[in-house]
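2 protein chains.
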Amino acid sequence: MNLNLRIATLVTLAAGSASQCGAAEPLPSWNDGPARTAIVRFVHRVSSKGSPDYVPPAERIATFDNDGCLWSEKPVYFQLLFAIDRVKQLAPQHPEWKSEQPFKAVLEGDQQALADARMEGLAKLVMATHAGMTTDEFAQTVKDWLETARHPRFDRPYQELVFQPMLELLGYLRDHGFKTYIVSGGGIEFLRVFAEDVYGIPPEQVIGSSIKAEFEIRKGVPVIVRWPAIDFIDDKAGKPVAINKFIGRRPIAAFGNSDGDLQMLQWTAAGKGLRFCLLVHHTDGDREWAYDRDSHVGRLDEALKQAHQNGWAVVDMKRDWKTVYPFEKSPR
Amino acid sequence: MNLNLRIATLVTLAAGSASQCGAAEPLPSWNDGPARTAIVRFVHRVSSKGSPDYVPPAERIATFDNDGCLWSEKPVYFQLLFAIDRVKQLAPQHPEWKSEQPFKAVLEGDQQALADARMEGLAKLVMATHAGMTTDEFAQTVKDWLETARHPRFDRPYQELVFQPMLELLGYLRDHGFKTYIVSGGGIEFLRVFAEDVYGIPPEQVIGSSIKAEFEIRKGVPVIVRWPAIDFIDDKAGKPVAINKFIGRRPIAAFGNSDGDLQMLQWTAAGKGLRFCLLVHHTDGDREWAYDRDSHVGRLDEALKQAHQNGWAVVDMKRDWKTVYPFEKSPR
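These protein sequence lines are chains E and R, in that order. Note that the working numbering gives residue 144 to position 142 of the first sequence, counting from 1, and the numbers run on in steps of one. Note that the working numbering gives residue 231 to position 229 of the second sequence, counting from 1, and the numbers run on in steps of one.
So that you can see chain E by itself, here it is in the shape it has in the complex (with noise of 0.2 Å):
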């Protein structure tokens, strides 16, 4: 993943040269709007000695959902995509997946059927893709899947589907005393695989919905064998009891793009002082996708109310981002 590693490079270059001459304007992907205005006033205020909202660096959290926060998430999140190629590799070795749903859906690439299976289909995909193997080992296969795989409307790595104007804003945050963590409803496991190269997160502020896993001793060997069972679902009302869990601190800011990230920005916005709360709206048709009530993918209708009636950022993709993907900088 050179490129990616290049890409979070090139940012944390850009925001530490723009923080040691102090000539560069910050978030430079971002036009001057209400959005960027927020950030830059928020980020002064906690973080300026003397200010009346200063917040010790030690509790300068900010959480990000993943799939449409930092990344797209259409034509459907990109990890089901990744169990869906994954079938389509293991069916050699099960036969019998030619006549079971949702797997001969997969393997017949009927989008239709595909659809009909919903949540306890999607599941059987992700056990029979994510479980049964070691922690190594499923990384290792996730690696090699990001390392190919191509996005079908941009024929590009997913991970070159991240928003340039969140890379900058995760590097300003950091700048300025942050600790950024990511808060998923996707695999922790999964996420970790590519967080610390294409965000610069490191595993450890990677939080995200996890299957069982056991330790045992096989043939002399420790290791942590993942199990075809749901451990914790890292979405809604599940996102703030995971912060606290893992954080255990509360965040001074918080950034989502739907109803699933609804639960986080309330427990946020619910501390003392000044806190911190946005949301990612896909008005973008050409340059990503628009949607937002009606789609089955990362639906956004109570949290976009909720954010009008409390005064939280939103983000106009179309209107406040100059620049959606890196690779719009240069073309091929």
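A couple of the hints might just be wrong.
Stated by the list, open to error - If you want a taste of the chain R side facing chain E, the calculated C-beta under 7 Å gives, among others:
| id | residue |
| --- | --- |
| 1 | Thr137 |
| 2 | Ala141 |
| 3 | Arg194 |
| 4 | Gly202 |
| 5 | Pro205 |
| 6 | Glu206 |
| 7 | Phe217 |
| 8 | Pro224 |
| 9 | Ile226 |
| 10 | Ile235 |
| 11 | Ala239 |
| 12 | Val243 |
| 13 | Asn246 |
| 14 | Trp269 |
| 15 | Ala272 |
Rather than coming from a laboratory, the hints here were simulated on the basis of the structure. No residue lacks a Cβ here, since even glycine has one placed at the ideal position from N, Cα and C.
Mind docking chain R on chain E? Use the hints.
Here is chain R on its own, set in the frame of chain E:
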């Protein structure tokens, strides 16, 4: 907890000045023996640029058990003494406890009946005292207890029964770029109340056992409520699983004192490259306690055998530690 803050500050200052002037010997409360030598040699080898065993700072993860490793665990785990004190405090609101075990045993000070209650009874005590309130309320209860409770043998606050040599070791590792974690069978939210003040370990680096928790909005206020059901037991084979989940990297050094730490040490030792494992053997009945394979608390048997087989460091508390508790240096 100003006192503990002072302890942590002094240790940090001492470690800081030692590393700055390069003159003072590290780990001053450790006698010059094989355990101290092994620690210093390991830290030098993994943190010196150009060393064949060099490890980048981000991967310098060190995990510590708490009970019996960072502080004492006799006559029983301090968290159980908290539960017992809490039962006494809550008794007026629970007249039924006068006739219900194990509450009756606690209220009558009946040690034998309490011992007979075993795990099921202890779980009842923990649930009655650790659940049914918000996370904020629980943390406040623990804080209040730590400020007033006294250890039966030493008549000191429990958080003064920490091991001075281990405080120095934590500081020494951090001075060499390590990230120090607690990985304890004790309650994660109990530990987090004092870990930062006492050990300099922030909440997000504390891993422990947990009960279920749920997010809800009570009278318009988002809260996280603790429920009387086990979520995860962070002991034995649970320790590597929790390390994998919370940290997502394998430690390069692990510190424990009982069979409950064996799997954490095995998982650590089995990683690639240079690794370090250490057991604290409680051999000092005068200054602390002397116990191992026959103890009902902190039993050390199989792990000690494996330490000898695998060449893990073993601290002989009586021989290796000049000082056990910080207060020995400044008696009242």
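Hint-by-hint comparison with the structure:
1. Thr137: 6 Å, holds
2. Ala141: 9 Å, violated
3. Arg194: 5 Å, holds
4. Gly202: Hint violated; Gly202 of chain R Cβ to chain E Cβ min 11 Å, cut 7 Å.
5. Pro205: 3 Å, holds
6. Glu206: Because about 5 Å separates Glu206 of chain R from the closest Cβ in chain E, which is inside the 7 Å limit, the hint holds.
7. Phe217: 4 Å, holds
8. Pro224: Pro224 of chain R check passes; min Cβ-Cβ to chain E is 5 Å, inside 7 Å.
9. Ile226: Because about 5 Å separates Ile226 of chain R from the closest Cβ in chain E, which is inside the 7 Å limit, the hint holds.
10. Ile235: Interface hint status for Ile235 of chain R: violated (13 Å vs cutoff 7 Å).
11. Ala239: 4 Å, holds
12. Val243: 5 Å, holds
13. Asn246: Holds, about 5 Å.
14. Trp269: Trp269 of chain R check passes; min Cβ-Cβ to chain E is 5 Å, inside 7 Å.
15. Ala272: 5 Å, holds
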